[in-house]
Amino acid sequence: MRTSIRRKVLAAVASVALGVTGATVVGTGPAAAADDTGPAIVAAANAFLATLTTAQKADVLFDWSNTTQKTRWSNLPEGLYTRDGLMWGDLTTAQQTAWLALMQVTLSTEGYNRVRAEWAADDLLSGSGYGQEYYWVALIGSPSSSTPWQWQWGGHHVTVNATVSGSELALYPSFIGAQPASYTSGSTTVKPLGDIWTDAYALLSSLTTAQKATAVAGSTYIDLLYGPGEDDRAPLYEGIPGSSLTTAQKALLFTLVSDYGDLANAEDGAARLAELEATLDQTYFVWYGPTTNVGRSYFRVTGPRVIVEYSPQALGGAPANHIHGIYRDPENDYGALITG
Amino acid sequence: MTTTALGRVRRASAWLLAPFVAVILILLPSGPASAHPLDISWQTTYLTLTPGQVTVEVKMSVGALVAPSFIKALDTDGNKSFDDAEGQAYAKKVLAKLTLRIDDAVVALTGTPELEIPEYAQSVAGYGVLRITLTVPAAAATGTHTLYYRNDFVPEKPRYEVAVLPAKRSPITVATQDRDEEQRRVSTSFTVTGLASAAPVAASEPDSDASSDWSVEHLLELLRNPAHSVWIVVLAIGLAAALGAFHALTPGHGKTMMAAYLVGTGGRIRDALVLGASVTTAHTASVILIGVTALLASHYALPQVLVPTLEAISGLLVLGLGLRLLWQRRAVLPWSRTPALSLAHSHAHSHAHSHSHSHAHAHAGAGAHSHGSHSHSHGPADHDHGPSHDHGPAGHAHGSPGHAHGSPGHEHGAGRNGLGSVIAMGVSGGLVPCPEALGVMILAIGLGQVAVGLLLIVSFSVGLAAVLVTIGVLLVQVRQRAVVPERFRTARSQRVLQSLPVISALVIVVLGVGLVIRTATTLTG
Chain A
0 MRTSIRRKVL
10 AAVASVALGV
20 TGATVVGTGP
30 AAAADDTGPA
40 IVAAANAFLA
50 TLTTAQKADV
60 LFDWSNTTQK
70 TRWSNLPEGL
80 YTRDGLMWGD
90 LTTAQQTAWL
100 ALMQVTLSTE
110 GYNRVRAEWA
120 ADDLLSGSGY
130 GQEYYWVALI
140 GSPSSSTPWQ
150 WQWGGHHVTV
160 NATVSGSELA
170 LYPSFIGAQP
180 ASYTSGSTTV
190 KPLGDIWTDA
200 YALLSSLTTA
210 QKATAVAGST
220 YIDLLYGPGE
230 DDRAPLYEGI
240 PGSSLTTAQK
250 ALLFTLVSDY
260 GDLANAEDGA
270 ARLAELEATL
280 DQTYFVWYGP
290 TTNVGRSYFR
300 VTGPRVIVEY
310 SPQALGGAPA
320 NHIHGIYRDP
330 ENDYGALITG
Chain B
0 MTTTALGRVR
10 RASAWLLAPF
20 VAVILILLPS
30 GPASAHPLDI
40 SWQTTYLTLT
50 PGQVTVEVKM
60 SVGALVAPSF
70 IKALDTDGNK
80 SFDDAEGQAY
90 AKKVLAKLTL
100 RIDDAVVALT
110 GTPELEIPEY
120 AQSVAGYGVL
130 RITLTVPAAA
140 ATGTHTLYYR
150 NDFVPEKPRY
160 EVAVLPAKRS
170 PITVATQDRD
180 EEQRRVSTSF
190 TVTGLASAAP
200 VAASEPDSDA
210 SSDWSVEHLL
220 ELLRNPAHSV
230 WIVVLAIGLA
240 AALGAFHALT
250 PGHGKTMMAA
260 YLVGTGGRIR
270 DALVLGASVT
280 TAHTASVILI
290 GVTALLASHY
300 ALPQVLVPTL
310 EAISGLLVLG
320 LGLRLLWQRR
330 AVLPWSRTPA
340 LSLAHSHAHS
350 HAHSHSHSHA
360 HAHAGAGAHS
370 HGSHSHSHGP
380 ADHDHGPSHD
390 HGPAGHAHGS
400 PGHAHGSPGH
410 EHGAGRNGLG
420 SVIAMGVSGG
430 LVPCPEALGV
440 MILAIGLGQV
450 AVGLLLIVSF
460 SVGLAAVLVT
470 IGVLLVQVRQ
480 RAVVPERFRT
490 ARSQRVLQSL
500 PVISALVIVV
510 LGVGLVIRTA
520 TTLTG
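Residue numbers (numbering that gives the first Met the number 0), protein chains in the order written: chain A, 0 to 339; chain B, 0 to 524.
Among the hints, a few may not be true.
As the list claims (entries may be wrong) - Cross-link-like lysine to any residue pairs, in silico, SDA-like; alpha carbons within 20 Å at most:
| no. | chain 1 | residue 1 | chain 2 | residue 2 |
| --- | --- | --- | --- | --- |
| 1 | B | Lys-167 | A | Pro-227 |
| 2 | B | Lys-167 | A | Thr-278 |
| 3 | A | Lys-211 | B | Glu-180 |
| 4 | B | Lys-79 | B | Ala-120 |
| 5 | A | Lys-211 | B | Ala-174 |
Stated by the list, open to error - Computed beta-carbon distance windows for the label pairs:
| no. | chain 1 | residue 1 | chain 2 | residue 2 | range |
| --- | --- | --- | --- | --- | --- |
| 6 | A | Thr-291 | B | Ser-68 | 31 to 39 Å |
| 7 | A | Leu-123 | B | Thr-111 | 41 to 49 Å |
| 8 | B | Asp-151 | A | Asp-34 | 55 to 63 Å |
| 9 | B | Val-105 | A | Thr-67 | 37 to 45 Å |
Unchecked claim - One-sided and incomplete, this derived list gives chain B residues near chain A with beta-carbon spacing under 8 Å:
| no. | residue |
| --- | --- |
| 10 | Gln-121 |
| 11 | Ala-162 |
| 12 | Pro-165 |
Derived from the structure by calculation, the hints contain no laboratory data.
No residue lacks a Cβ here, since even glycine has one placed at the ideal position from N, Cα and C.
Sequences are here, hints too, so could you generate the full structure?
Pasting the structure below:
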């Protein structure tokens with residue numbers, strides 16, 4: 000609760016100081032800390048399991064000690080990477096609905112909408128192995144309020160690894176990408192990562208020339224350093240630290256990392272934002288690419304408790320329309336901190 | 000829309016040209032900003048630092064359009080499959096083109112790297128990733144070190160990325176990384192802020208193979224967890240003793256000196272025991288000294304300074320002792336004019352060294368006496384020689400340095416030295432700590448388990464001592480049995496036997512010189 004208010008105050012200060020719109024800066028964070036979401040997540044997982052046949056249960060459930068399955072995820076499309084569990088296209092509508100309910104109760108509304116939008120984008124890609132049906136679900140460990148477990152959902156360009164331990168939740172590592180990064184659904188233009196780019200660019204734009212000299216490390220985008228398979232790497236502190244930013248700039252940095260922190264439901268999201276805020280001074284922001292608002296620049300945010308990367312890719316079209324991204328907590332990937 | 004014949008021809012030409020233009024656009028050399036991953040060979044290098052080690056990882060992702068050249072270079076037998084030998088051959092070419100310098104000294108990227116080899120089909124599709132991982136020793140001392148890396152491996156349409164990272168939870172911070180625009184090169188510095196913790200971060204993840212890893216490091220890891228029973232501690236101590244015993248069997252100057260000394264002096268079993276114990280005590284003490292000193296002053300590059308210093312002291316001690324022994328034994332040298340008095344006394348005592356003289360002593364006063372042509376003084380302790388021993392043709396002639404019987408020393412000429420010499424030799428032999436013991440100590444400090452570390456070091460040393468003493472006793476026994484019976488002695492065998500002490504003194508001198516040279520090289524290198 001306290002975090003949420005402070006964040007809004009910081010954001011308001013930033014919007015006044017920089018003359019940017021509140022919609023860009025403030026965002027929609029968790030309104031207030033709610034009761035423990037843990038039991039509801041466990042209940043939703045068990046409800047999903049109840050819809051499965053015995054054979055499906057055997058396929059979707061993995062032992063908690065199965066570290067191979069925990070790390071078996073990728074941004075590659077079906078056919079170029081072998082996942083395990085149950086494939087979305089093989090589930091009945093009731094089973095799919097039950098799984099979506101699990102995702103909804105674990106994630107915030109904006110987080111859920113973001114990953115659904117990234118997921119839906121895959122339907123627009125042509126070729127075999129692309130589309131929502133080629134996403135996979137798995138449960139590692141039995142859903143329980145007393146012992147840790149993980150739900151895993153993902154496919155091409157988006158994966159969420161949600162580790163649940165009692166009342167705590169860790170949504171890391173998750174792959175936050177999209178292709179196309181902009182598309183039309185009905186009469187609406189959908190940009191699954193649009194607010195992330197906007198917030199990152201707002202922060203870059205707020206920097207003075209001297210600060211940009213520190214924050215901008217290259218003239219072209221680079222690839223992910225912390226992508227799938229790159230687990231257990233320490234953060235690379237590069238660019239400009241939070242401690243060198245003004246209050247208004249710091250609020251923009253916090254808004255940017257909150258776009259990722261807000262992936263979690265209101266209760267767990269509040270705890271997450273508190274972690275991000277507490278380490279904001281030690282959190283760095285670096286930019287590779289044009290400093291114009293063209294969308295084909297890479298940025299990275301690294302702090303003691305966060306690693307975020309946003310990396311345009313030229314493969315399959317304009318770089319700005321094909322984004323690879325990662326969201327990690329160097330201390331808490333796969334729930335390392337909360338699962339003992 | 001153009002409908003004339005000319006227009007149709009122009010349109011047809013445009014359609015025909017389009018693919019060629021597309022291909023040319025793709026294949027033309029392009030700047031990084033517009034480069035297309037389909038025609039890029041990405042090489043991302045991770046340089047991960049732990050105290051004492053750097054891990055070089057080159058991750059190579061090759062796009063579909065440049066895949067044929069990559070596949071041709073990797074699949075050397077053309078069987079549409081990549082095997083480990085092909086991967087290693089390719090990795091060797093890559094590693095040969097990498098330059099890594101730490102503190103301006105080239106770090107040799109040699110050894111067999113770990114490989115992650117892609118499937119052939121993945122590579123054809125442009126999604127194959129070849130990962131080359133090699134861990135090599137690097138600067139471990141506390142303080143700041145410079146690092147320079149450059150990747151000169153140039154596959155078709157290369158693009159580079161490089162990051163220098165500390166290993167998670169290691170006491171290392173990496174400064175700003177200065178790269179060129181291409182990211183082929185990076186220069187930075189890193190600071191080891193605390194003591195080297197050799198505990199691999201990844202080891203915190205339990206894995207099924209852990210039970211087979213019974214290194215001391217792993218045992219210390221186990222000890223970090225208070226949930227483990229006291230039996231683990233007992234087991235760790237037992238295993239540390241076993242490791243010490245095995246360590247004693249590996250090549251080392253301590254044992255060599257011990258052998259040289261015992262052979263040369265005609266040492267007794269007691270000498271062997273004292274020598275083994277003093278080597279071990281010195282060995283243990285030096286490790287503890289380094290560990291505790293480093294603990295107290297962890298901000299200084301102590302291990303780097305202290306170890307060579309101890310080596311230097313040890314080398315000089317060994318050299319001095321060797322020269323002293325050589326001087327004492329010079330009588331045997333062919334050009335020596337010194338009567339070979341000591342050699343006349345080079346007999347072996349085949350009994351425990353407690354024997355009495357049967358000759359009469361005319362005591363003029365308390366402790367002072369004279370007999371025959373020489374005199375010597377006894378300390379308060381009795382000097383009891385065995386019932387009979389052969390002093391050779393020259394009779395009971397004691398060397399010129401005198402025959403000082405101090406409690407409890409007992410010297411027969413220059414061929415044998417007192418307990419002080421034995422201890423000095425042992426201390427110098429054990430002063431330089433072995434890397435294993437030092438590693439255990441430093442690791443124990445790093446883990447906050449100093450007491451356990453000390454216990455393990457002591458246990459390690461006890462195992463070491465047991466083997467050294469056994470070796471020493473065996474040497475004494477073998478030497479005694481090797482003595483040629485009087486009646487079979489020839490002039491030649493006599494010369495050989497007479498030369499032994501000098502040869503062993505020379506060996507000690509050479510060892511001392513070697514240690515000094517090695518230290519000098521370390522300090523100046």
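Is 31 to 39 Å right for how far apart the beta carbons of A:Thr-291 and B:Ser-68 are?
-> holds (35 Å)
Hint says 41 to 49 Å; check whether the CB-CB distance for A:Leu-123 and B:Thr-111 agrees.
-> With Cβ atoms ~46 Å apart, the hint holds.
Report holds or violated for the interface hint on B:Ala-162, using the least CB-CB distance to chain A and a cut-off of 8 Å.
-> B:Ala-162 check passes; min Cβ-Cβ to chain A is 5 Å, inside 8 Å.
Holds or violated: B:Lys-167 to A:Thr-278, with C-alpha atoms at most 20 Å apart | Holds, at roughly 17 Å.
When you check the alpha-carbon spacing of B:Lys-167 and A:Pro-227, does it fall within 20 Å?
-> holds (18 Å)
Agreement of B:Lys-79 and B:Ala-120 with the hint, judged by alpha carbon distance not exceeding 20 Å | Since the Cα atoms of B:Lys-79 and B:Ala-120 sit roughly 9 Å apart, the hinted pair holds (cutoff 20 Å).
Let me know if the C-beta of B:Gln-121 comes in closer than 8 Å to any C-beta of chain A, holds or violated.
-> With Cβ-Cβ at 6 Å, under 8 Å, it holds.
A:Asp-34 and B:Asp-151 - C-beta distance against the hinted 55 to 63 Å = Holds - the Cβ-Cβ distance for B:Asp-151 and A:Asp-34, about 59 Å, lies within 55 to 63 Å.
Restraint satisfaction for B:Pro-165 [CB to CB of chain A, less than 8 Å] | Given a least distance of 5 Å, the restraint on B:Pro-165 holds.
Consistency of beta-carbon spacing, A:Thr-67 to B:Val-105, with hint 37 to 45 Å | holds (38 Å)
Under the criterion that the straight-line Cα-Cα distance not exceed 20 Å, is the pair A:Lys-211, B:Ala-174 satisfied?
-> holds (19 Å)
Given hint B:Glu-180 paired with A:Lys-211 - CA-CA distance at most 20 Å | holds (16 Å)
In terms of the numbered hints stated before, the structure departs from none.
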